[in-house]
Each structure stands twice: as structure tokens, then as C-alpha cells.
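Engineer: Given chain A's structure and the hints, the job is docking chain B onto it.
So the sequences go chain by chain: A and B. Residue numbers for the first sequence follow this note's numbering, so the first one is 1 and each next one is one higher. Residue numbers for the second sequence follow this note's numbering, so the first one is 1 and each next one is one higher.
Since the hints were derived computationally from the structure, they do not count as laboratory data. A hint or two may mislead.
Far from chain A, by Cβ distances over 12 Å, these chain B residues were calculated [to be verified]: (1) S8; (2) V15; (3) Y32; (4) I92; (5) V104; (6) V118; (7) Y158; (8) V159; (9) G198; (10) R210; (11) L211; (12) A212; (13) W254; (14) I289; (15) Q294.
Now the in silico label distances, taken between C-beta atoms and shown as ranges [claimed, not checked]: (16) B:D29 <-> A:G120: 55 to 65 Å; (17) A:R174 <-> B:V188: 53 to 63 Å; (18) A:S15 <-> B:F115: 36 to 46 Å; (19) B:Y127 <-> A:F19: 27 to 37 Å; (20) B:E152 <-> A:G85: 53 to 63 Å; (21) A:M1 <-> B:Y141: 56 to 66 Å; (22) A:S15 <-> B:Y127: 19 to 29 Å; (23) A:G85 <-> B:V188: 12 to 22 Å.
Just so it is clear, the structure is predicted and the values come from calculations on it, not from any experiment. C-beta atoms are modelled at their ideal positions from N, C-alpha and C, and glycine is treated no differently.
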Amino acid sequence: MMLKVSQIETYYGPSQALFGVDLSVDTGELVALMGRNGMGKSTTIRSICRLTPAKRGHIVFDGQDLAGLRSFQAARLGIGLVPEGRRCFASLTVQENLIATARPGVWDYTKVVSLFPRLGERAGQMADTLSGGEQQMLAIGRALMTNPKLLILDEATEGLAPVIRQEIWAAIRRLKDAGQSLLVVDKTLSELLPIADACVILEKGRSVWTGRPSALSGDLRDQYLGV
Amino acid sequence: MRKLTRESWINSSLVLLLALAPLCASLLDEPYYVNLASRVVIIAMAAVGLNLALGFGGLISFGHAAFFGLGGYVAGVAAYHAFDGSYFIGVIPGSDQMPVIWLVAVLVAGLAATFIGVISLRTQGVYFIMITLAFAQMIYYFAISFPTYGGEDGLSIYVRNSLFSLDTSDPLIFFGICFFSLMLSIFVTRRIMGSRFGAALTMARLNDIRLATSGVEPFPIRLTTFVLSAMITSGAGALFADLNGFVSPSMLSWHHSGELMVIVILGGVGRLFGPVAGAVVFVLLETFIGGFTQHWQFFLGLILLSVVLFANGGLIGLLAGRPRHD
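Looking at chain A on its own, in the form it has when it is part of the complex (with noise of 0.2 Å):
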């Protein structure tokens, strides 16, 4: 198992966000976490990155329990994070933003523009030049260049056009059979559902269903995913 979260409780100061999560993603598998808004999905995602730690429960990454580690070892120990939101850095080129945190690996620079040749025709370009759909390829980029055995996805489509959007989840597939371990986090079912693995539903922050994508019932959408 690469990653085994169990029941993690997280809070911001005195308020809890999540009261027990499960959720496991094997090696080479891609697990779609899914819920409405507000109910923990990032959340769970910035306690994995140990951004913000649980306070109970446990999260083993690679057979190693992150507790008491800092986001940057978290980092180091393979967990690659896109974080919602196109966050590039703006004022640095897409090159540099590439290259200025990669680690040794399968990937690199050629094979990153190879998966998104558009960053590589702007590579001298600066990140805040680039359309939102750029940005989000450079993102992704970014974490795929610290090499992370788990890649993780939260909203990586959200606001993007249509055909940019086609885009990224172009890639995703290419990533995905390329044996990438992914955490994925998006509302676009119809192209999640047909490559995930497994799929953990969030409520109110708790993981309430955990299953195969084929076995989640339209009753079961209807009461958690309000589609």
C-alpha cells in the first residue's frame, strides 16, 4: 500500500474540518476523492501534505507514518501536490519554475514538455503571461518534476476551458498508464469515474463509501454528490 490514511481528525484552531477519514491509494492505482463542497476533500489533502496535521489518526505513506514530519519531508518522501488553483509562481519563467525544485527521476525537463508541449514553446516565458489552462499544465509540471511516487490532484480542471480541460485529462490518462499513483479531487465525473480505481466519498468529514467507481449507485450520487 502507498498510502494508508486512517481515521484522521484535522482541525483549523478550534474548529474541526474532517472526524475521521479512511482512504487508501496502492501503487500504480488512481483513487478519485469526491464529495460536495465544504465537506473535507481539501482538507484531507493538506493533512496528507501535513500542511495542516491531523490531531488524531495516522497517514503511513511508502511504510513510513508522517507523523511529526514537516510538509517539506513530507514532500520528500514522494507525496506531489497540485494544489487548487493554478498556483504557479508568476514571476519566475516556466522554466525555472520546472526546474527550480526538480529532483532526480524518470521525470525531467524534456519528458514534462513532452506531456505538455505547449510549456515547452513558452519555456522562457514568464508563468503569469501563460492562460489559465498553461498554468495548470505548469503546475502539473512542477510537482511531476519532484518525481512523487503519489501525485496528487486537487481540482486540476476547475475554471478551465472545455478544450484545455480535454487537455488535462488527456494527461492524467498518459500519467495514470504510466503506473503514476494518483489522489484525485475533481467535479468532472464522467471523465473521473471511467480511470479511477477506487473512489472515497467525503461527508461533512467523514469518508462515508468507499468502493469501485462501478459500483457507485445513482442513489448513492444523488445522496453525497448532489449530481
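Structural biologist: Just chain B, lined up with the frame of chain A:
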């Protein structure tokens, strides 16, 4: 051939002006103006050091006078012991050789900056400003209370330190040494900011949490930057002591830290040649308007206010626009 940006043209013109002005002054037999140019260049170099931390690293250090003064005191103390043949703390002989003095100055400032940085960089914002100020003031009061090296009265350097076989007492030659040192400090800053380390430093300034989620700890990057910045500023301090033939605790005072910050902001925070533009304006205002009125800082205040309100990229930003990569 790569097209030069407007900023490159402005920077080149600034360097050319700075190099030609003392040459003209020397031809006109005006050594005062050659020394004035040396002063501009040395203060610009100190500000280049601060700009690395403040402008590129976002580390608002209000204690860089400590490093400037440490560099000055290394030059002063080394020259003092070399002059009377005595030993520092009974074992270390003095030296009047600039390369030795620069090396020691840079090492001493580096050690001090490591100690100060390890403590102060655990804080941010106003706390960081206050801790760096507090450390600088501690060093200032230490210098005042140390009578062996002049205490409050300072320490004279009777003969300008030597560099190989050059006649360093010649104002133009000394200007050349200072100018070379400034260019070297700008070159080093440029190389740092053009490297992966520089990109990571920018990331740490823009969003250290995002940097950490990429597996890079921001603290060592900031500490290294702070130390390198202090080293550059201390080199300027050693030259400043040689220029004036004198070192005193005023070099360590918080006024001086404030002046360096003003120079960086005036010229352009995070612009490679911003400190040079800032130092030119600052020293010329101090010299020429200061010749008419002792309240010259009133005019400096007006200029600074205008720059902050209407040109947040400083003078370089005003002339060259938004920063861009070459």
C-alpha cells in the same frame, strides 16, 4: 544576437557614467570628486548586498549596518595591529594587505550572519526586522564599549591598506578597486539569481508553503541568502574604512541600516542595478544639497515618498518598467 532590454540599456549607461565620472574628475585634477565616486560605489556595493536579502529574498533586514561595520572594523583592527606590530587577542598578527582583510571581513560577517540568521530567520515580518535591528545594536554597543579599538571615538587607519603592487593611495586606483568590487558583487548576485538556487529563493519569497510542498525547505535557502548578503555588505564596509582612513561605531548604527534600506527602495527593490541608482542619488543629494542645508534629508524624503507612491519599482522601475527576464 540577443536584443537588449530597456533595463539593460539603463544599467549599461549607469555603469558607464559611474566609470567615466571619476576619470573626468581625475583629468580635471579634482581628487575630491574621484573619492566621492568611490563613496558612491562602496555604498552601492553595500546596498547590493542588502538587495540580495531584501529585494530578492524578501528578508527585510534592519541590521545590515552590523555587517558593513564588521567589515570596516576588520580593516581597521587589522591595520592597527599591522601598524604597531601587536597581535589581535595576543595571537593573530595584523595585516595591511587588502585581500587578507577582505577574506577575514567576509568570513567574520559570514559567521555573524549565520548566528544572527539562525535565530532571526525563524521569525517573519516585523519580528524579523526587530531581531536584526537588535543584533546590530548589540554589535554597535559592543564596539562603543571596547576602548582598545577606539570605543566611541573610532579607530584611524594611518596608511591605506595595500593591494599587490598597486598604489592604493592614488584616488583613481582606489576607485578602480572599488568599482571592480561593485561589479563583482553585481555579477555574483546575477549568477545567484540566475541559478536554480535563485529560482528557489524567489519561490520562498513568493510562497514558502508552496515551495515546501515541492520538497524544498525554505529555511536553508533564506539562511544562505542572508549570509551571502552579509558577506557582500561586509566587503563594502572594509573598502569604506580604507576610503575614509577611519572606522567608528557609526558604521554599525541603525541609521546606516536605514540608509541602506532607503537606497535599495529608492533604486528599485529586487532590481540588479537598483542599489547603484539609489546610491548615486543618495550620495549626490547628501553631498550637493547637504552643502546648502543640513536638512537635505527633507528633500531625500520627498523623493523617496514620490518613488514609493508613484514608482514602486524604484528609479530603475520608473525608467525601465516592469522587471523581465533577458
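Engineer: Would you mind marking each hint as holding or not holding in the structure?
Structural biologist: Going down the list of hints, with the structure as the test:
1. Against chain A, the non-interface label of S8 (chain B) holds: every CB pair exceeds 12 Å, the least being about 16 Å.
2. With a closest Cβ-Cβ approach of about 24 Å to chain A, V15 (chain B) is found to remain outside the 12 Å limit, as its non-interface label requires.
3. Distance check for Y32 (chain B) against chain A: the nearest CB is about 42 Å away, which clears 12 Å, and the non-interface claim stands.
4. Against chain A, the non-interface label of I92 (chain B) holds: every CB pair exceeds 12 Å, the least being about 41 Å.
5. Even its closest Cβ contact with chain A, about 34 Å, leaves V104 (chain B) beyond 12 Å, as expected for a residue assigned away from the interface.
6. No beta-carbon of chain A comes within 12 Å of the beta-carbon of V118 (chain B); the shortest separation is about 17 Å.
7. At roughly 49 Å, the least C-beta separation between Y158 (chain B) and chain A is larger than 12 Å, which holds for a residue marked as non-interface.
8. Distance check on V159 (chain B): its Cβ is at least 48 Å (rounded) from any Cβ of chain A, clearing the 12 Å threshold; non-interface status holds.
9. Distance check on G198 (chain B): its Cβ comes as close as 8 Å (rounded) to a Cβ of chain A, failing to clear the 12 Å threshold; non-interface status is violated.
10. Residue placement check: R210 (chain B) does not keep its beta carbon more than 12 Å from all beta carbons of chain A (closest about 6 Å).
11. Not every beta carbon of chain A lies more than 12 Å from that of L211 (chain B), the smallest distance being close to 7 Å; the non-interface claim is violated.
12. A Cβ of chain A approaches the Cβ of A212 (chain B) within 12 Å, the least distance being about 4 Å, so the stated non-interface status is violated.
13. Under the 12 Å C-beta cut-off, the non-interface status given to W254 (chain B) relative to chain A holds; the minimum distance is some 31 Å.
14. Listed as a non-interface residue, I289 (chain B) keeps its Cβ farther than 12 Å from every Cβ of chain A; the least gap is roughly 35 Å.
15. Once the 12 Å rule is applied to beta carbons, Q294 (chain B) is consistent with being away from chain A; the minimum gap is 41 Å.
16. Between D29 (chain B) and G120 (chain A) the beta carbons are some 59 Å apart, a value that agrees with the proposed interval 55 to 65 Å.
17. Separated by about 42 Å at the C-beta atoms, R174 (chain A) and V188 (chain B) break the suggested range of 53 to 63 Å.
18. Separation of S15 (chain A) from F115 (chain B) is about 40 Å and conforms to the stated range, judged on CB atoms against 36 to 46 Å.
19. Against the hinted window of 27 to 37 Å, the Cβ-Cβ separation of Y127 (chain B) and F19 (chain A) comes to about 35 Å, which satisfies the hint.
20. Range check, E152 (chain B) to G85 (chain A): about 56 Å between beta-carbon atoms, so the 53 to 63 Å window is met.
21. At about 60 Å, the CB distance of M1 (chain A) to Y141 (chain B) agrees with the hint of 56 to 66 Å.
22. For S15 (chain A) paired with Y127 (chain B), a C-beta distance near 26 Å keeps the hint of 19 to 29 Å intact.
23. For G85 (chain A) paired with V188 (chain B), a C-beta distance near 36 Å fails the hint of 12 to 22 Å.
The structure fails hints 9, 10, 11, 12, 17, 23 (numbered hints given earlier, in ascending order).
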